Structures are given as C-alpha cells and as structure tokens.
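Visitor: So the protein sequences, as listed, match chains A and B. For what it's worth, my numbering labels the leading residue of the first sequence as 1, then goes sequentially. For what it's worth, my numbering labels the leading residue of the second sequence as 1, then goes sequentially.
Don't read these hints as lab results, they were simulated from the structure. Nothing here was measured: the structure is a model prediction, and the numbers come from that model. Ideal Cβ positions, reconstructed from N, Cα and C, are used throughout, including at glycine. No incorrect hints appear here.
Just a sample of chain A residues kept apart from chain B, beta carbon distances all over 12 Å, derived:
no., residue
1, T38
2, G287
3, D317
4, E432
So the derived label-pair ranges between C-beta atoms look like this:
no., chain 1, residue 1, chain 2, residue 2, range
5, A, A205, B, G118, 46 to 54 Å
6, A, Y83, B, V93, 49 to 57 Å
7, A, P293, B, G118, 42 to 50 Å
8, B, M140, A, K79, 45 to 53 Å
9, B, V93, A, K156, 20 to 28 Å
10, A, A426, B, V127, 37 to 45 Å
11, B, V24, A, D362, 44 to 52 Å
12, B, T161, A, T55, 37 to 45 Å
13, B, N320, A, A205, 55 to 63 Å
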Amino acid sequence: MRNRASLSRSPRSFISTAAVVLAGALALSAVPAQGASTPGVSATEIVLGMQLPQTGPASPGYNKVDDAMRAYFDYVNSKGGVYGRKITLVVKDDTYKAGLTVSTASALINKDKVFAMVGSVGTQTHISVIKDINRRGIPDLFVNSGYSGFYTDPKKYPTTFGALGTYVVEAKILGKHIKENFAKNTVGIVYQTDDFGRNTVEGLATAGVTFTAKKTAATFIAGTQGSGLDAQMQQLKDNNVDVVVVGAVASAFAAAVSSANKIGYKPAQWIVISVGADATTFQTILGARGIAPAVSAALLAGTISASHAPSPGEADDEFVKAYKKINDEFNKGPDKRWDNNVLQGMNIGYLTTSALLGVGKDLTRPGIIKYVEANAAKLPSAALSPLGYSTKTHEAFTGFWIGKYDATTVLKPVDATRKVWTTDSAKGPVTELKYTRPAIAADALPKVG
Amino acid sequence: MRAVSKAKNHSIARKSLRRTIFFVAAILFAASTFDAYNQAQLAVVLILFIGVLSVTLLTGISGQLSLGQGALMAVGGYCMALLMINQNYSLWVAIPLAIVGSALAGLLLGIAAARLTGPYLAGTTLVIALAIPTLANRFMSVLKGDEGLPVDVGYPPVWFTNLFGEPSYEQWQLYVALPFAAIALFLASNILLSRTGRMWRAIRDNETAAALSGVNFSRQKIFVFVVSATFAGLSGALYGLRGLVGPSVYPVSLSLLLLTAAVLGGIRSIFGAFIGTVIVVFLPDWIDAVLHQFELSEQVSNFMPALVSSLLLILTVVINPAGVAGTHLHKHKHK
Chain A
1 MRNRASLSRS PRSFISTAAV VLAGALALSA VPAQGASTPG VSATEIVLGM QLPQTGPASP
61 GYNKVDDAMR AYFDYVNSKG GVYGRKITLV VKDDTYKAGL TVSTASALIN KDKVFAMVGS
121 VGTQTHISVI KDINRRGIPD LFVNSGYSGF YTDPKKYPTT FGALGTYVVE AKILGKHIKE
181 NFAKNTVGIV YQTDDFGRNT VEGLATAGVT FTAKKTAATF IAGTQGSGLD AQMQQLKDNN
241 VDVVVVGAVA SAFAAAVSSA NKIGYKPAQW IVISVGADAT TFQTILGARG IAPAVSAALL
301 AGTISASHAP SPGEADDEFV KAYKKINDEF NKGPDKRWDN NVLQGMNIGY LTTSALLGVG
361 KDLTRPGIIK YVEANAAKLP SAALSPLGYS TKTHEAFTGF WIGKYDATTV LKPVDATRKV
421 WTTDSAKGPV TELKYTRPAI AADALPKVG
Chain B
1 MRAVSKAKNH SIARKSLRRT IFFVAAILFA ASTFDAYNQA QLAVVLILFI GVLSVTLLTG
61 ISGQLSLGQG ALMAVGGYCM ALLMINQNYS LWVAIPLAIV GSALAGLLLG IAAARLTGPY
121 LAGTTLVIAL AIPTLANRFM SVLKGDEGLP VDVGYPPVWF TNLFGEPSYE QWQLYVALPF
181 AAIALFLASN ILLSRTGRMW RAIRDNETAA ALSGVNFSRQ KIFVFVVSAT FAGLSGALYG
241 LRGLVGPSVY PVSLSLLLLT AAVLGGIRSI FGAFIGTVIV VFLPDWIDAV LHQFELSEQV
301 SNFMPALVSS LLLILTVVIN PAGVAGTHLH KHKHK
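Excised from the complex, chain A in its bound form (with noise of 0.2 Å):
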C-alpha cells in the first residue's frame, strides 16, 4: 500500500522537492566564473590540473608523481614564482578507471579553471579525454604516458605532448639488446592488454623480437593484476621460457614476480619497460604481500630495463642532486621517499616551469602550445636526451639508456659506460646517441633564453 501511495503521489510535489535537490546542487557545486581571458591565469596565478589514480590497484608510485611535481612548483613558488605568478597544481584521482577520468577532466577544466593539464598519467584513461581536451584547445602538456598514437600525428591531437619516450621507442631498443645478448635463449612475454603493451609488442617486433602465438606469450588484464599472475607464469614456465620481457605497470610487474616466486619460477632474466620497473614501487607492493624488503631486493636485482633520465640511486648526478635536495625540503606528500617516480614529478615540473617562463608574460594557450613545438632545444631537463618535440611529432625523449638492477636496487648501466640508443617511433634504425645535457642551473631554476 505504502508503494501505491508513493506512485500516486502529486507531480507538484515531485517537482518541487526536485528542484529543492538541484537548486541545493547548485548552491554547494557552484563556483564563481573567473573573469580573466586566459582561463587559469591570473596576475598572481597559473592553474594547471592533472589526473592520475591516487588510490586503487594501478596507483601504487604513480601517486607519488604529483606530490613531487607539487613541490617542485613550491620551490619555484618560493622563488618567486614564474613572472610573479604563482603555480597551483590541482589534482584529481580517477583510480585508473576511464569513467571517472571523464569526470575528474570536466571538473578540472569547468570547475577548477585550470589553464593547462599538465603530467597526466595513464595510457587507457588518457584515451578517454583527449579529444575533448584537443577539441577545447587545452595544452595538454607532458602526459606520463608512453602510447606512441598520443604523440605522432599532431594533427590529430595538436595540444597534446609527452612526458616519455614511447613505448616503440624503448622496446625497439630493448629488442635490439635482447637480439644481441639473448639470441639463443627462449624469450617470452607478458604485456598489458592495451595500446602500453601493444606497443611494447610492436616495438620488439620491430627490432626482431617476435612471439609465437600464445607458446610464449602471456597477457594479463589491467588493474586486475592484484589478484596475481599465476597462470601466466605457469604458461611461461610450462614452454620453458628463460628471459620474460614485462611490458606492464610497476604493480602488474611485482605481481608477475610474486606469482613466479611462488610457483617456483625462476627465469634467468627479467625485462621490463621502464614504468613498470620502479624499485621502490616494486619493493612497496611485495612489502604489502609480506615479502620483505631484503628479499624483494634480491628478486629484483639482475632486472634489465631502460631509462631516458638517470637512476635515482646516481647520487652525484647534479639534477639528481638538485631534485633530491628540493623534495626534502618542498615534498608534502606522504611517501616522499627518492624513487624514480619522485625524480620523474620533478622532471614534470621542471619542464613545465621552463616552459612557462620560455612563453613570457603574455601567457596564453595557444603561445604555450605554439612554444613547446617550436622549442624542445630550449626546453632541457635532467634526461640524458633532447626531447623530440616538433611540428611533425608531438613525441619526448628520443634515447634511453639500458641498465640491470644490482643487490642495492640502483639501475647501473649494463655498459662499461653508458651509452644512451636513439630510434623513432616507426621502422626506423637504433643507433648510439651523442647528446651532452645542458647543466642545471646553481638555484634549480630553468634558464630561458
């Protein structure tokens, strides 16, 4: 009865406890419209938003990204900012989960104003928002993700730039290290089932890695990884495959580890991309499975990766030296602990200060975009090569270096001295890069001119 009595209730009254709901709605959501031109920026001012996931399966040591970028703005905001304007990062948490990166990107660029999104991290998440980031002219600077269709028809997406080198990039020069150094041993694969990992499988492809059907290949689901890879290790262990190339998350790598570990699986050599290959990540997510840090040290240690920046255990590197000194001091966040993903952040907010200043006063969308296409040479940072930026490509860092975890969990170059490899995102050769890095300047800051 109670029910009937609710179905044929008056529509005045529906409608007006409706509009009480929304009028409410309105009144708590709604934040003032800003009067300047350049949304974001004001004379005191810059914006900038970002999305990442803060919390879920996918966020462990990418949440340590923001924090980083967020003191790096700190210290420059304590310099006096950029032209006297101060940087506020804005961050949002979409959990790796594409619905909600919709979301988190409407209220970073209607509610928050930001004037640029900058270092968002995700590859399948980023899918989701960039044509409607594009669409509205937004720069869209510095994305934490590899996926080489982002980048390289700037006619599609003309706003959207890089914080990586691609993952074509970096598997072809990954590949071209396993043909020479693993010819005779049986190479297997477990890669991340989307545009990250295809690209990973195109790259060592591309420099002659190829995989036989599902013999040797394994995949696994992003953000399910939690539950561990135990099927896939076993599959890989059942065709007797010695060297697993990862082409995944920090967290989907910890877990291939751990599910090897446990099934008794011990192949002679791992290879993971870089982003999945973050030691303090990994140390942390097999810490909370019980495996202690000694022992996820060894596990880790004789690990092959690459890098386009130096490790973050090179301690007398000077960008090194001055990211560290500012995250001591500057890092509110609360795991501040130097890592790859710490130095990376810095990286982000480095580039982006430059970046900033290299526009001027007159800060304006489409200078910004226009700036860092035409000005990757004046736009140095702490990788060990030049950001591959231009009107034909929207790609970062064209080298990386390969290195082997040691017993300490520092990557160290597998050469007697490091040779940096430099290739392009489609058939092109790997070859040695001769790049000489600009020096940081005494006080951090980026000096344009």
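With chain A fixed as given, assemble chain B onto it according to the hints.
Guide: This is chain B only, laid out in the frame that chain A set:
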C-alpha cells in the same frame, strides 16, 4: 469494462506525461542556472537516472536482486560504439539499435535468471559484471580490449544551432541525454501505474499468491529482465558517449553505484531513483565543498565520498529502508 479500462489507461498516460513535462521543465530550468561543470554533472545524473530506473524496476518493483546492471549498460555501450565506429551510424540511430541489443541480452539473462532467486541471482549477475573485462580482451579485434572504443556526442546539427544557438559541449551532452531520460521516465511511470506494474509487485510480494491470481510469474520475470536491460542499455550507451566505451568505464563498482543510488533514494520509487542519482553524482562535490575548508591530506579526502556514501547506505538500510522517497511519503501521510 473495456471502456473503463481504456479510460484508466488514458488517465495513467496523462499522469505520466504530466510528470515527464514537469521533469523536463525542471531540468531545463536547473541547467539554465548551472555553470558548465554542473551542467556536465546534470547530464551524468540524467544518464545514470535511467540506469537506476532499471534497478528500481528489477529489484524495487519485481523483487529480483541484480548486481550486474553495469554489464547490461556495457552491452548498450558496446553495441552503440560498434555501430557508430564500424557502420558510421549517427548516435540517434545507433542508440535505438543498442537498446534492441541490450533487450536481447536481457532476454537471455532473464531466461537463465527466471529459475534463480535471492543470493543465487545476485551472484549470477555479479559474475556477468565481472566478466566484462575478460570478454573485451577475449574479443580484442572487435571490442579493443582495455583500450576500448572512443565515441562521443559530437557536435549539434546545423538545424539545432540555427534554432537554439551554439550550445557548449556540456549543454549538448545534457540536451542529448534529456530526451532519452524523459522517455525513460514516461515509460517507467506508465509501467508502474499499469497492470504490468501491479503484476510485478505481486510477484515481488508473494510468487505463489501472484500465480493463484493468474500471473504467469516465469514469463513476467523474463519480461521484467528485458525491460530492465532496455533501460540499462540506454543508460550505458549514453554513458559511453561521454568519451569512451571500455571495461574501465563499466566496472563492477558501477553496478553497485546504481544499487546504492536506488537504495538511498528509495528503491521502490521513481522519485527515489532520481533523488538517489542526484545524491551519488553530486555527493563528491558536496564533500569537496565542505572539506575544502579543512587541510586534509589527499589520502583522507580521496576516500571520503566512498566512506560517506557507504555510511549513508548503512544508515538508510538500518534507519530508513524506504530511502529519501520513503521519508517524503511519511511526512505527507502525517500532515
């Protein structure tokens, strides 16, 4: 007798139409006062409202608990995206066809589910929701795995801009969702007020008594699944038009979100479905507005929406099982 029945049907249709007109007017009024962000949020409310209505019909009215409505949303989303991308259909053609696809999925599910009740039905539907990522990756060449299928509402047609001016992207999202939400509201209202709605409630309250009253409850249970899947598929298609159709757009948590909205608002009421949807969509913003005044770490603030909605859900179930709509009714009864 037939004349009386016809007059009653007309009365029901008129009542549903009045509700729908009021609803559309209220949404348009609210949209005119909202900023772009809240217009986008209002579009999400309209889209999810249709999904919550599918829960209201299935669980609230006919008493069949589903934890997999998100999967039926995914069916609608994938059907629409495939038609738009592979066949170049406009969304106005793709969405109705996607609804047919969802209805077929609902029919298959309904045939299987007609034999199940309670936790067995809930478990079965939950498994279907969990299977979405696996299916997307199993049929990678068509469904594109985790990467998904990018689709969006595009731009308004020329006749629209000539007539109403150039809407913002958020307004256009809203204008696309509104007619579908209005149709869904009209149909749901009609169903609930009609003989069909009474049959479903009879099945919910007592299957044996319903059968003795002449209700073919097996057929009706399948029918309610088809209708519910139609609503869910429509909601899923519109939800995908926000940018992407992929597994991460229709996670298991989406199914639980729909159920949460239905319970918070009042699972047996259309009004409750709307209020519940407004709550779950705007709650993170309300919490954000409150927490903005405090210096809370992201580690705490990121979990607050989930924590508060969970608390609200528990409090609703324990203190006020009829939800907001039930409270509303209670006040009216005691005036």
